[in-house]
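*Asks:* Using the sequences and the hints, build the whole thing.
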Amino acid sequence: MAAMIRFPQPLQPGDRIGVTSPSSGVPQALWPRLEVATQWLRDRGFEVEVGDCMDGDSSHVSAPAVARAGELQRMLTDPGITAVVPPWGGETAIDLLDLLDWDALAAAEPTWLVGFSDLSTLLLPLTLRTGWATLHSPNLMDTPYAAPEGLAHWTEVAGATGSVTQHESGVHRTGGFDDWEADPSPTAYRLEGRGAWEVASGDEIEVSGRLIGGCIETVHHLAGSPFGDVPGFGQQYAEEGLILYLEAAEASALDICRALHGLRLAGWFEHANAILIGRTEAPASGEFIQREAVLDALEDLDIPIVFDVEIGHVPPQLSLVNGALTHLTVLDNERTITQELG
58 MAAMIRFPQP
68 LQPGDRIGVT
78 SPSSGVPQAL
88 WPRLEVATQW
98 LRDRGFEVEV
108 GDCMDGDSSH
118 VSAPAVARAG
128 ELQRMLTDPG
138 ITAVVPPWGG
148 ETAIDLLDLL
158 DWDALAAAEP
168 TWLVGFSDLS
178 TLLLPLTLRT
188 GWATLHSPNL
198 MDTPYAAPEG
208 LAHWTEVAGA
218 TGSVTQHESG
228 VHRTGGFDDW
238 EADPSPTAYR
248 LEGRGAWEVA
258 SGDEIEVSGR
268 LIGGCIETVH
278 HLAGSPFGDV
288 PGFGQQYAEE
298 GLILYLEAAE
308 ASALDICRAL
318 HGLRLAGWFE
328 HANAILIGRT
338 EAPASGEFIQ
348 REAVLDALED
358 LDIPIVFDVE
368 IGHVPPQLSL
378 VNGALTHLTV
388 LDNERTITQE
398 LG
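The sequence shown begins at 58 in the working numbering and counts up one residue at a time.
In case anyone wonders, no lab produced these hints; they're calculated from the structure.
Accuracy of the hints is not assured; some may be wrong.
Stated by the list, open to error - For each label pair, taking beta carbons as the anchor points, the in silico distance ranges come out as:
1) Asp158 with Glu338: 36 to 44 Å
2) Glu338 with Pro84: 18 to 26 Å
3) Asp158 with Asp236: 34 to 42 Å
4) Ala86 with Thr222: 17 to 25 Å
5) Val105 with Asp260: 41 to 49 Å
Computed from a predicted structure; not experimentally measured.
Glycine is no exception: its CB is placed at the ideal position from the N, C-alpha and C atoms.
*Replies:* Right, dumping it as structure tokens:
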């Protein structure tokens with residue numbers, strides 16, 4: 058049975074933020090960008106502690122699994138650290154799940170764990186198993202980028218009390234990543250694309266539920282394991298229901314289709330009141346596109362599906378709190394998501 062949601066203390070200037078790489082580390086060529094990002098936090102009054110598990114040149118991971126798990130565990134249970142934000146995701150954070158001391162985490166006061174992509178592999182079970190609210194949002198290397206109008210920066214959400222309302226931004230990046238090796242300093246996304254949240258059925262919706270989700274390519278491997286009991290979470294909050302959010306990073310449409318069918322068969326959508334699908338640049342499989350992959354797997358569930366939400370690998374990003382009671386509105390004249398933090 059999932060624990061009741063516990064929210065970390067609001068992040069305030071003067072608090073200490075831990076930086077560690079539970080998955081991929083940072084190559085030396087990109088350390089100048091890391092320094093820009095940590096200095097951005099210091100300039101706003103935060104203390105920053107950079108851990109030892111940061112190597113990005115030796116392997117696809119920053120350190121052996123035991124070392125990465127130990128450093129993450131230490132930072133998450135250190136009462137002097139208010140938030141932990143990795144530089145970015147990676148590929149195999151899943152190798153930490155059976156090395157973390159989940160009983161110790163559940164007994165500790167919650168700390169904000171911040172990030173997305175492969176960090177979903179940790180954010181999701183941390184909420185499901187311990188009841189900690191976790192923050193799906195830009196990682197450290199993206200932290201210096203300003204949130205566009207309508208969206209909240211992750212430091213604002215982690216520092217909020219009460220409720221936080223974000224609005225559809227209407228913009229998104231269409232080009233590639235900034236070249237941080239050539240210039241580590243960018244603080245503004247090039248948001249040349251235009252787009253709106255779209256309900257697949259064409260209907261207007263207003264729904265509420267507990268928010269939970271992550272990156273499809275990483276979280277679907279957790280289904281049926283002790284670390285991905287979304288059906289149990291949904292049962293605990295059956296009276297409120299769930300709002301599931303999912304985003305595809307780079308897998309083909311057919312791979313995403315199979316993964317979503319697997320989540321459906323595992324019962325992830327049994328208590329869902331709505332499904333949010335992040336805008337994606339992931340490829341089609343021939344003529345079979347990503348939107349068709351979602352509809353193939355989920356359309357017959359008769360649950361509202363909202364496409365092109367600012368979630369994941371196409372900036373900008375909503376900052377979404379796993380476990381928060383959330384109110385979603387998609388009307389002709391209003392597209393908002395409000396999260397209750399506490």
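*Asks:* Determine which of the earlier numbered hints do not hold for this structure and return their numbers in increasing order.
*Replies:* 4
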